[in-house]
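> Residue-level listing of the chains:
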Amino acid sequence: NAGVMQNPRHLVRRRGQEARLRCSPMKGHSHVYWYRQLPEEGLKFMVYLQKENIIDESGMPKERFSAEFPKEGPSILRIQQVVRGDSAAYFCASSGLQGSAEAFFGQGTRLTVV
Amino acid sequence: SQQGEEDPQALSIQEGENATMNCSYKTSINNLQWYRQNSGRGLVHLILIRSNEREKHSGRLRVTLDTSKKSSSLLITASRAADTASYFCATDDGGSNYKLTFGKGTLLTVNP
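Residue numbers (my numbering), protein chains in the order written: chain A, 7 to 120; chain B, 227 to 338.
Mixed in with the good hints, there may be bad ones.
Partial pick of chain B residues on the chain A-facing surface, computed with a CB cut under 8 Å [unchecked claim]:
hint, residue
1, ASN257
2, ARG267
3, GLY268
4, LEU269
5, LEU274
6, ASP318
7, ASN323
8, TYR324
9, LYS325
10, GLY329
11, LYS330
12, GLY331
As a list, the in silico SDA-like pairs of lysine to any residue whose alpha-carbon atoms are at most 20 Å apart [said to hold, decoys possible]:
hint, chain 1, residue 1, chain 2, residue 2
13, B, LYS325, A, MET66
14, B, LYS325, A, ASN59
15, B, LYS325, B, VAL270
16, A, LYS50, B, ASN256
17, B, LYS325, A, SER72
18, B, LYS330, A, PRO45
19, A, LYS33, A, GLY102
20, A, LYS50, B, SER322
21, B, LYS325, A, GLY105
22, A, LYS77, A, SER30
23, A, LYS50, B, ASP233
24, A, LYS57, B, LYS325
25, A, LYS68, A, ILE82
26, A, LYS50, B, SER265
27, B, LYS330, A, GLY91
28, A, LYS77, A, HIS35
29, B, LYS325, A, PHE110
30, A, LYS33, B, VAL270
31, A, LYS50, B, SER254
32, A, LYS50, B, GLN235
33, B, LYS325, A, LEU103
34, B, LYS330, A, GLN113
35, B, LYS325, A, MET32
36, B, LYS282, A, ALA107
For the record, the hints were derived by calculation from the structure and aren't laboratory data.
Ideal Cβ placement from N, Cα and C applies to all residues, glycine included.
Let the sequences and hints guide you as you build the complete structure.
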């Protein structure tokens with residue numbers, strides 16, 4: 007079992023560009039969670055998705071950020087028109103059942119906006 | 227203080243010594259988890275303790291939970307240089323079993 011796979015591991019974008027972060031959950035997992043970690047901070051919940059559904063996006067900024075988890079393929083976190091403040095590590099976790107107790111985290115994508 | 231707040235913020239010890247980190251939280255929880263993060267890397271799950279448990283062991287790790295004080299501690303015994311990392315506690319929001327709230331972490335440095 008390959009674990010939760012995130013790519014790319016590092017992403018550099020210029021201000022105004024779009025960033026697409028991918029997360030392939032563990033095999034058999036249908037619940038995906040995205041977290042953001044700003045420098046020197048703990049992780050902050052962004053969004054919880056099940057296949058084709060957004061369950062809870064209470065932690066997502068209202069503008070420029072979107073997430074999807076299609077029936078086929080990885081979950082995508084999309085950030086449009088990136089700004090320097092978007093620079094952070096973005097972590098994805100997945101679980102087979104709903105619940106944080108069952109979640110496994112990926113290695114993260116480190117986004118740098120220049 | 228924040229939900230899932232660790233102290234101290236930084237801890238420096240010698241190899242072989244024990245390291246104790248504390249975590250406080252505010253709301254009711256279903257469980258509390260401890261994670262390790264090496265510099266610039268992903269999260270490694272260490273241990274989960276449920277709200278009806280008071281103590282749990284895993285190898286050199288010992289976790290306690292005091293729900294009356296809304297606090298937890300992580301003890302690493304006989305520390306090694308490889309234990310150098312940031313340690314985070316994460317609590318679920320008692321009303322949501324999927325949303326984890328992390329503290330800012332304790333940076334542990336184990337000197338050889």
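> Hint by hint, which ones does the structure fall short of?
none
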